[in-house]
Amino acid sequence: MTEALLAALVFLPLLGACLLLLAPSSWRATILLAVTVPLPFCLLPLTLLIADAGLFEMTLAGHPAPLGIRWRLDALSLLILWLNVSLMILVGLAAGARFAPASDVGLRFWPLWLLLAGGIHALLLSADLFNLYVTLELVTLAGIGLIATGGSGAALRAAMRYLLLALMASLLYLLGVGLVYAEAGTLDLYQLGETLEPGLLPATALVLMLAGLLVKSAIFPLHAWLPAAHGNAPGPVSAMLSAIVVKVSLYIIWRLWFWTAGDWQLPAPGLLLGLLGAGAILYGSALALVQKRLKMVVAYSTVAQLGYLMLIFPLSGLLAWQAASYHLIAHGLAKAALFVAAGNILASLGSDRLRRLAGLDQRLPMDVFALALASVSLMGLPPSGGFVGKWLFLRAAYEQNAWGWMALVALGGLLAAAYLFRVLALTCFHPRSHGHSTRLREPPTLASLAGLLLALAAIALGFASAPILALLEAAWPGAMTP
Amino acid sequence: MSSTALYVLVAAGLFGIGVYGLIIASHLLRKLFAINIMGNAIFVLMVAASAPLDGRPDAVPQALVLTGIVIAVSATAFALALMVQLYRVTGQASLEEDPTEDD
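Heads up: the protein sequence lines correspond to chains Y and Z, in order. Residues in the first sequence are numbered consecutively from 55, following the numbering used here. Residues in the second sequence are numbered consecutively from 893, following the numbering used here.
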């Protein structure tokens, strides 16, 4: 039964993608609903199972590793699965208002959308390095295809640049996988934790895989492709890319670091990764402060917020683990809300230049409200999901007397407040003469509602921390091998 | 020189050619060729690195490389389609920014 639920998570979206391409256009909306609606109901029993047992493993079609494929579900993958399914539904509402399933652009958009979801689900369940490679390729290619549905020259150019870098990154990762196999004779993420000993070849392999994955997750200083790609994609696509696509490659880094190389004792490389994160927070925030377009502000904010996810490496410990996982989920919801709202504003104004936003609080109140709520979570103000994440980071740093990291987390929150208030203040600014009061196309109510619901979810996450943190505590690898 | 060392040298040479091409070329088609050459270097290396000591070939790296080739082909096809679309919209098949375009 559980096997069937896991299979449904992966194969329902993939099946839907194929059906969308074959079926007559009038059926597409029904197919989309039919493959999306069951997903949360698949996750519910799995959540109960993981809360109870902590872990579930299965071997596909009974073929054992190394040739067979093993799937593994634990609290971390479960939480990110929940994030993805929530985003699929809520961002999907906004996308449905913009890309009508029955239209031509709908035929280009929705199969890729489902492929992306199926790829992310398969990635989160995969337990071996090579399947992670295959699923990561699927996620990246589907994501790039979605950027290209934007259609403008800037979007296509950004997609192409992203694609070239992503292909190169995949090759680095694949080279690492080949070296690991030559050394250890297995590719299983968790068996490797026991068999792979620190040495020159495994270290080279790890560095190659890390380099590839850092490019894909746009960690400073390898972030150059992200702002253009996320800033020029259609709003709902930017939301998915920033909220989850860049995170899943970081998820693989976490798996490699804490499971495969869990007992390697790597304080110096961990510190280096943490410093990259610090660079991301400072540089991303500084550039977000000087952008002229709303979506570019939000895109550079993603560069900054991804930096926090790197602090898990130097602070390595249960609290930092909970903090980073919580931040991942909270940032996913808040950033999706920001991009959906920014996409709505761009669609109704015809531009998202910041100086055009003046007085928008009265003209698009719902979108501006979503923007403000999501900003609260992103700045880390209580009560919100973002606050819980940052608070846990501060506690983790405090317990290790790591004052530098504490200052960084606090400063990052201040900088986020600065670049987000800059935007919010403009929307509430009412120049006395409405000289160029352009006419405005109201965004579809459903799209505005989707942004608002995402922002509310990011806030609500601040109240639901206890069960989630308990789940995460059980999944922390350090707890199993002290 | 053992045959494994030869394969590793070939792979390194191919990889170098690929990196050079990727940096030097501005036309996207050339960049794609370069990436494919880099990919092939890695495939050669993966097969060579898992060369059997007792004469029995190991099926796993072969399967991995085969899957890798399939992925490389589909990714290249996708990149070519994207390149054609980019050419249709902007009139150029390179990533050099058009200075007249408003960002």
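Treat the hints with care, since some could be wrong.
[As the list claims (entries may be wrong)] Pair ranges (Cβ atoms, derived):
1) Z:Val965 with Y:Pro521: 14 to 24 Å
2) Y:Phe95 with Z:Leu987: 36 to 46 Å
3) Y:Pro275 with Z:Gly905: 27 to 37 Å
4) Y:Ala265 with Z:Leu972: 18 to 28 Å
In case anyone wonders, no lab produced these hints; they're calculated from the structure. Ideal Cβ placement from N, Cα and C applies to all residues, glycine included.
* Tell me, which hint numbers fail for this structure? -> 1
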